[in-house]
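Participant: Residue-level listing of the chains:
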Amino acid sequence: MELPLLVALRDDGSVDPDLDPGFDGDTLLFLFNKMVFLRALDEKAQHLQRAGRIGFYIGAAGQEAAEIGSGFALRKGDWMFPSYREHGAALMHGYPLSSLVGQLFGNSADATKGRQMPNHWCDRSARVVSVSSPVATQLPQAVGVAYAAKLGGEKSAVIAYFGDGGSSTGEFHVAMNFAGVFKTPNVFFCSNNQYAISLPFAKQTAAGSIAVKAAAYGFQGVRVDGNDILAVVRVTRDALERARAGEGPTLVEALTYRMGAHSTSDDPTHYRSEEEVEAWRRKDPIRRFAAYLKKEGVLTDQAEAAVAEEAREEVQRAVAACEAAPPVPPESLVEDVYAEMPWHLKEQQEWIRIPVKG
Amino acid sequence: MTLVQAIHDALALEMERDPRVVLLGEDIGKNGGVFRATEGLWARFGSDRVIDTPLAEAGIVGMAIGMSLSGLRPVAEIQFVDFIYPAFDQIVSELAKFRYRSAGQFTAPVVIRTPSGGGIKGGHYHSQSPEAYFIHTAGLKVVMPSTPADGKGLLAAAMRDPDPVIFLEPKALYRTAKGEVPEGDYTVPLGKARVVREGEDVSLITYGATVHVAEEAAAMAEEEGIHVEVIDLRTLWPLDVEAVVQSVEMTGRAVVLHEAPRTCGFGAELAALIQEKAFLHLKAPVARVTGFDTPFPYSLEKLYLPDALRVIGAIRATVNF
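Respectively, the protein sequence lines represent chains A and B. Under the numbering used here, the first sequence has 125 at position 125, and the numbering climbs by one with no breaks. To convert a position in the second sequence, counted from 1, into the numbering used here, add 1000.
One or more of the hints may lead you astray.
[To be verified] With a Cα cut of at most 20 Å, we get these calculated EDC-like pairs of lysine to aspartate or glutamate:
1. A:Lys155 x A:Asp238
2. A:Lys294 x A:Glu309
3. A:Lys150 x A:Glu247
4. B:Lys1277 x A:Glu347
5. A:Lys203 x A:Glu2
6. B:Lys1121 x B:Asp1307
7. B:Lys1302 x B:Glu1215
8. B:Lys1192 x A:Glu347
9. B:Lys1192 x B:Glu1269
10. A:Lys150 x B:Asp1048
11. A:Lys283 x A:Asp16
12. A:Lys346 x B:Glu1242
13. A:Lys203 x A:Glu276
14. A:Lys150 x B:Asp1018
15. A:Lys346 x B:Asp1240
16. A:Lys346 x B:Glu1276
17. A:Lys183 x B:Asp1052
18. A:Lys155 x B:Asp1048
19. A:Lys150 x A:Glu241
20. A:Lys346 x B:Glu1269
21. A:Lys346 x A:Glu331
22. A:Lys183 x B:Asp1048
23. A:Lys44 x A:Glu309
24. A:Lys150 x B:Asp1052
25. B:Lys1277 x B:Asp1240
26. A:Lys155 x A:Glu241
27. A:Lys294 x A:Asp20
28. B:Lys1192 x A:Glu340
29. A:Lys295 x A:Asp26
30. A:Lys295 x A:Asp16
31. B:Lys1277 x A:Glu350
32. A:Lys183 x B:Glu1026
33. A:Lys295 x A:Asp24
[Stated by the list, open to error] Ranges between beta-carbon positions, derived for each pair:
34. A:Gly246 x B:Gly1184: 37 to 43 Å
35. A:Pro330 x B:Ala1272: 21 to 27 Å
36. B:Met1250 x A:Ala324: 54 to 60 Å
[Said to hold, decoys possible] Negatives, chain B to chain A, calculated, CB over 10 Å:
37. Thr1002
38. Gly1040
39. Pro1130
40. Pro1189
These are calculated hints, taken from the structure and not from any lab test. Backbone N, C-alpha and C fix where the C-beta goes; we use that ideal spot for every residue, glycine too.
Here chain B stands alone, though its shape is the one from the complex:
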């Protein structure tokens, strides 16, 4: 099963299981979504529960918030995360704050699903990785799967979670990531990282599409006799800090890897946490491999995106420090 099929599977199963679940977004109904994540659901569950909305992201998220306030479990699709900014105020000032500002009287358990990241020749507006904005906002959970099984299990967990979840789907993996996916009811708990590969020399910490880049780099490092532990965070926030710290305490070295721009990217927070919590175990500074501090380029996309060569460079530098 591919990642996008696994996402579809989770949506269909949760809609079947819980009549409070509704989906809303642009082109998600009859058309089944531009990436086909909701294909067939409109015919199966009806236009009242699989809702094609007018083209306005602030309306999609605002409406989803209202639905959740009155007890529904809405899943809003933002067609590309690059289009989420018109809804930024609804997400940051409203969705994230309802529980706190009402002291728990009102809660907004909305899931916002949205394709994220580069790798599809999409230029500025179909490629961004804005996870740091949402991690920075108190009250939101931020999740990003890297495999079909996690895509299904994490999305189902997000849809049952009492808090709002920004669910970032690495669009480059929609059809390229394939794997076994458990049938039927299946959840992967939020807040738990996954050790993709064990190794005692360097901890390589990442999430989303770059998990696969990390695996490639780790295999290359292995040939050089460097044993890399690859950690897929899965839930970016709240972070599985124990998994990160435990690994770095064992290896004494850390490389953090993401597509998003470097400055104030999530890697900066990871590096800060590692030095706060595992300083005496560190044998080298925490290295960051990231996108550039530029708008996302069209023609030079491959150069922009971290690849295994850049990662192996950071691994070597860390080991040889």
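Chain A extracted, bound-state conformation:
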């Protein structure tokens, strides 16, 4: 069983009218700017990590179309369960840049008090749910949120992101099965970036595609070119609409490529060739979209350079503001474990006040 790969931006520079979301020039440029911004953010964050100014980082280079496109398709009030690589989507859904950069520094600019490593996003007001490191654990939770929305008669959808590696977990199966049975308003968005750290997709599953698995759970699976932002927006928007209309879940598989390392702790030269990376670099979603926009007369070389420069400056401003913040207060170590601090944590809070003799 083979599912077709949905592509809007064709090789000849035209757009498939069946998949064209029909955006005006301003919207197209807005999306382009966000993709460029995400790339600039990743480059800066990686430099910060190399310079020892943040501890760790997980980049999304190569996946900008999947992230920006799917995030753009959401409506305010929809819920998002990102994974650690979906900060681009989270930004599109209202996660403030200042919170994102503050999270990287883990100081008092971090709304989550430095509790987690970088890339563990969270913003209640935007309904961007707190990320954990174990993959795919968010998927059954997303079913619970969607069930609650349905029970409450709320017309909101829930998107949950995961990767090709996550599709091998028990939680993937559990969540797909529950969502199918309860017909919840879920969109499961798989960023199939071809690698789970070092393991290539072909060794993750013998199924050939992730999307095809939806059939086993009784709902629709869609394969989309994840480096084609127009197709990603269209497919995700349609899936969200179906969810809101009570037509149940959709599994979207966005075929893309992780152009960089898994994280700043990883060296991909151990497990893949430069030729392979170079071949995907030619399919870079930003270059591809820029070429289309230029052909349509929406973007010029000059404007493209200006967009990149503005993105770098905006990132720089956020970094400067967050890096200057003081560290998290030591007494916060024992806060937020429970709603009210129990006796044993009050006792342990006293340890913090006793100076350590070295």
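Assemble the complex: chain A is given as a structure, and chain B must be docked to it using the hints.
Facilitator: Quick look at chain B alone, frame taken from chain A:
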């Protein structure tokens, strides 16, 4: 009223009182649960609020977490606590950590109800007492009633609590523990122990099914002239440390009692706390009466479970130290 009827009473009353309460689990709907704790609730409150789930514990707990994140008050039933391990990651890495990792932005007030402990000839997989895993996990509260009244009051309190609660129901007591249960709205505050019986010679500290073993042993000791104070912790964590310390300061002797295996069992933590906080009052080492450090046996179940004879042995040893 029996313990299982009292549990049912709390669920029904809380569902009536708070429309955010939903129940989910395996066979809890039309069938009313394998122990009948949810009998009739599916017909009364509908299949949207009394939810029969597919057979996957990680899905039950994961889904309950998601429901709680968006404002519902889910009560998940895990059919036997022995089946909770597929959901362990959801409980330990997700449920327990949402408040901390989001600095209070997201909270997960889920109650996980689950029958625990031995005494029903259930072998390895229908008899375990894994409370220590959950007590060890920061962010969880762990509760275990021993009477019908506490079953109702503690469960209602757990369902109104802002934090996730692992609610362990001693299945051996479901139908054997009978007692008066207050009608209507009734809660027993979490974190408060109960003095079951007063005595000035030894503090016998326990919870769940072994409260009844402790009472039996205390009555036997009384005949020997040893006055035993029996404390039912009710909430295992956060512990009512004051009640424990106060009693041991008065008696100078402590026996801790549970079904769970000995090594790194909750009794070890109780013993450590007692020696930290009441060392100068102690006249004897803290004694532990526990299950064995073996998998839970089928045929030798009675030997495995602490009985009044083993407890009285520990009481005597402590008094005669």
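Participant: Which numbered conditions among the earlier hints are violated in the structure presented, ordered from lowest to highest?
Facilitator: none
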